[in-house]
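Protein chains: 2
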Amino acid sequence: ARPRVGYFYSGKKNADLFGESLRKLRVRDYKSVPTVIEETSSAYDAVVTLFTEDVGTLIVVRSGQLVGVVSRKDLLKVAIGGNDIHKVPVSLVMTRTPNVVTVDVDASLYDAAVLMMRHEVDSLPVVRDSGNEVVGRVSKTTITRAFVELGQYRDV
Amino acid sequence: ARPRVGYFYSGKKNADLFGESLRKLRVRDYKSVPTVIEETSSAYDAVVTLFTEDVGTLIVVRSGQLVGVVSRKDLLKVAIGGNDIHKVPVSLVMTRTPNVVTVDVDASLYDAAVLMMRHEVDSLPVVRDSGNEVVGRVSKTTITRAFVELGQYRDV
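As given, the protein sequences belong to chains F and Y, one line each in that order. Using full-length UniProt numbering, the first residue of the first sequence is number 54, and each one after it goes up by one. Using full-length UniProt numbering, the first residue of the second sequence is number 54, and each one after it goes up by one.
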């Protein structure tokens, strides 16, 4: 049961605390390991890696630096296009920097969610100092996991 | 600035209100229009529909009733398998009921998020009376949208 003093708060006020708590969650604490592939790989290699890692998007790197991202959607398009996906390099299929939306490791998870909604992407490479050094990834799965965690708080 | 009375609440207590507010969100209020395809369609038709509707998963129906779901992942698998996807029916590729995880329209969005995490799926058909009548869909995008909305509450 909530203490009576709680009635001084309106529903709106609770919602404010809510938003504040949510915005405190950090990308740093929720990011997962980045799933990367070298830009010299074939589209076929990318498909295999997508399945073995069971992710929706791969981060494409050159010497460990972000050069692009490639999604199930990109690969499905090339696979049905009648191309030999063993011969098509992933670099031809990927979304290329600077068109890749990234999030800084010091950003909030809320910022990451806003970026994914605004740019209509399912995941973001997590970078350091807004550069091209990839240190993780966040996705709509990450947000869903955080949402479940927040919903688990119960009244005492 | 928060009223001093707020200090009677510990951080934990705020978190409790948080969880309570989150669990009040309903599937009914957040669901989107279901993107469906007839089970007699080809895998190729399914790919085209995925692109035109820009969704990750299609709900497969017979006479308006749920019979399965088919994802980008399912279609990517068949596309690289060397099959003629114009000839493969979507019913051969889909996940079939009763193996499809659904959520009732009267459930909470929290329940939907828990189901997606537990069963490792990206979206759920929304059904009425836990039956096979499809009335919508929720996905990790739906959860991300709700997360952004909750984070927008500001202190007054």
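Since the hints were derived computationally from the structure, they do not count as laboratory data. Do not take every clue at face value.
[Stated by the list, open to error] Beta-carbon label-pair distances, calculated as ranges:
| no. | chain 1 | residue 1 | chain 2 | residue 2 | range |
| --- | --- | --- | --- | --- | --- |
| 1 | Y | Thr150 | F | Glu91 | 12 to 20 Å |
| 2 | F | Arg79 | Y | Asp107 | 38 to 46 Å |
| 3 | F | Arg79 | Y | His139 | 41 to 49 Å |
| 4 | F | His139 | Y | Val101 | 45 to 53 Å |
[Stated by the list, open to error] Stretch-level coverage of chain F by chain Y, calculated; a stretch enters the list once three of its residues show a Cβ under 8 Å from a Cβ in chain Y:
| no. | stretch |
| --- | --- |
| 5 | 72 to 85 |
| 6 | 118 to 129 |
| 7 | 145 to 159 |
[Stated by the list, open to error] With a straight-line cut-off of 30 Å between C-alpha atoms, the simulated BS3-like cross-links for lysine-lysine are:
| no. | chain 1 | residue 1 | chain 2 | residue 2 |
| --- | --- | --- | --- | --- |
| 8 | F | Lys126 | F | Lys140 |
| 9 | F | Lys140 | Y | Lys77 |
| 10 | F | Lys126 | Y | Lys130 |
All C-beta atoms, glycine included, are put in the ideal place defined by N, C-alpha and C.
Structure-based check of all given hints:
1. Y/Thr150 with F/Glu91: 12 to 20 Å: violated (41 Å)
2. F/Arg79 with Y/Asp107: 38 to 46 Å: violated (30 Å)
3. F/Arg79 with Y/His139: 41 to 49 Å: Holds, since F/Arg79 and Y/His139 (Cβ atoms, about 48 Å apart) stay within the stated range.
4. F/His139 with Y/Val101: 45 to 53 Å: The hint (45 to 53 Å, Cβ to Cβ) is violated, given that F/His139 and Y/Val101 are roughly 24 Å apart.
5. 72 to 85: With 5 residues closer than 8 Å to chain Y, the stretch 72 to 85 of chain F meets the three-residue bar; holds.
6. 118 to 129: Holds, because 4 residues of the stretch 118 to 129 of chain F bring their Cβ atoms closer than 8 Å to Cβ atoms of chain Y.
7. 145 to 159: violated (count 0)
8. F/Lys126 with F/Lys140: holds (18 Å)
9. F/Lys140 with Y/Lys77: Distance ~51 Å between F/Lys140 and Y/Lys77 Cα, so the pair is violated.
10. F/Lys126 with Y/Lys130: With Cα atoms ~12 Å apart, F/Lys126 and Y/Lys130 stay inside 30 Å; holds.
The structure is inconsistent with the numbered hints 1, 2, 4, 7, 9, although it conforms to all the rest.
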